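Asker: Sequence:
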Amino acid sequence: TLGAGQLARFTGLPWRSGGGSAANISDAQAAHETQFALWGSVLAGATVCIHAAGWLEGGLSVSYEKLITDIEALQTVAELCARTPGDEDSIGFEAIAEVQPGGHFFSAGHTMARYRTAFYEPLVADWSNFGNWTQAGSKSATERATGIWKRLLADFQPPASAAATASVLDEFIARRTEEGGAAPVS
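Counting from 372, one number per residue, gives the positions in the sequence shown under the working numbering.
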């Protein structure tokens with residue numbers, strides 16, 4: 372991946388990279404393979420990264436749980452790669468002046484105004500201690516990811532244009548089938 376990135380930059384061409392996994396289930400192997408492929412793509416400067424979420428068995432299957440955990444990994448990478456704002460308000464010069472040597476910034480107005488949104492909040496990762504995690508049901512990352520995708524599907528509202536689009540596609544398929552085109556598999 373890194374070599375391909377160097378060649379693409381040298382020739383001035385766009386190029387794609389991938390982030391899939393050969394693992395058979397959404398486990399540590401799957402996370403490891405996808406995350407290192409993703410970092411290779413990012414570090415090499417890929418124009419686009421395909422297969423970066425949900426892939427298992429080298430693309431032969433997809434896991435909804437892995438899709439959710441991979442989305443979290445992608446969001447984390449995006450946060451890590453985002454530029455740090457350097458404007459006066461973001462740096463917080465007034466907070467630096469407000470806090471005396473040996474003091475802390477926890478109660479500074481600048482901190483209080485930003486602490487809820489200043490850091491990435493993960494989708495799946497559980498940052499609670501063992502006692503709180505146990506009291507909450509001791510759910511694994513896979514179980515938490517399952518809950519997320521099930522909730523997303525349950526809450527999904529198709530866009531208003533979905534029915535019209537489906538109707539147009541149905542008519543197109545019927546016409547092409549009649550004209551001799553291959554009928555869809557499903």
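By construction, these hints were calculated from the structure, which means they are not laboratory data. No experiment lies behind these values; they were computed from the predicted model shown. Errors might be hidden in some of the hints.
No more than 20 angstroms apart at the CA atoms, straight line, and that leaves these computed lysine to any residue pairs for SDA-like [what the hints assert, rightly or not]: (1) Lys510 <-> Ala496; (2) Lys510 <-> Leu438; (3) Lys510 <-> Ile396; (4) Lys510 <-> Gln528; (5) Lys521 <-> Leu494; (6) Lys510 <-> Asp497.
Between beta-carbon pairs, the in silico distance windows are [stated by the list, open to error]: (7) Ala534 <-> Phe501: 13 to 23 angstroms; (8) Ala399 <-> Glu469: 40 to 50 angstroms; (9) Gly518 <-> Phe476: 28 to 38 angstroms; (10) Pro493 <-> Pro385: 25 to 35 angstroms.
No residue lacks a Cβ here, since even glycine has one placed at the ideal position from N, Cα and C.
Asker: Could you run down the list of hints and mark each one as holding or not?
Answerer: Results for each hint:
| no. | hint | verdict |
| --- | --- | --- |
| 1 | Lys510 <-> Ala496 | 11 angstroms, holds |
| 2 | Lys510 <-> Leu438 | 18 angstroms, holds |
| 3 | Lys510 <-> Ile396 | 18 angstroms, holds |
| 4 | Lys510 <-> Gln528 | 28 angstroms, violated |
| 5 | Lys521 <-> Leu494 | 14 angstroms, holds |
| 6 | Lys510 <-> Asp497 | 9 angstroms, holds |
| 7 | Ala534 <-> Phe501: 13 to 23 angstroms | 49 angstroms, violated |
| 8 | Ala399 <-> Glu469: 40 to 50 angstroms | 45 angstroms, holds |
| 9 | Gly518 <-> Phe476: 28 to 38 angstroms | 35 angstroms, holds |
| 10 | Pro493 <-> Pro385: 25 to 35 angstroms | 31 angstroms, holds |
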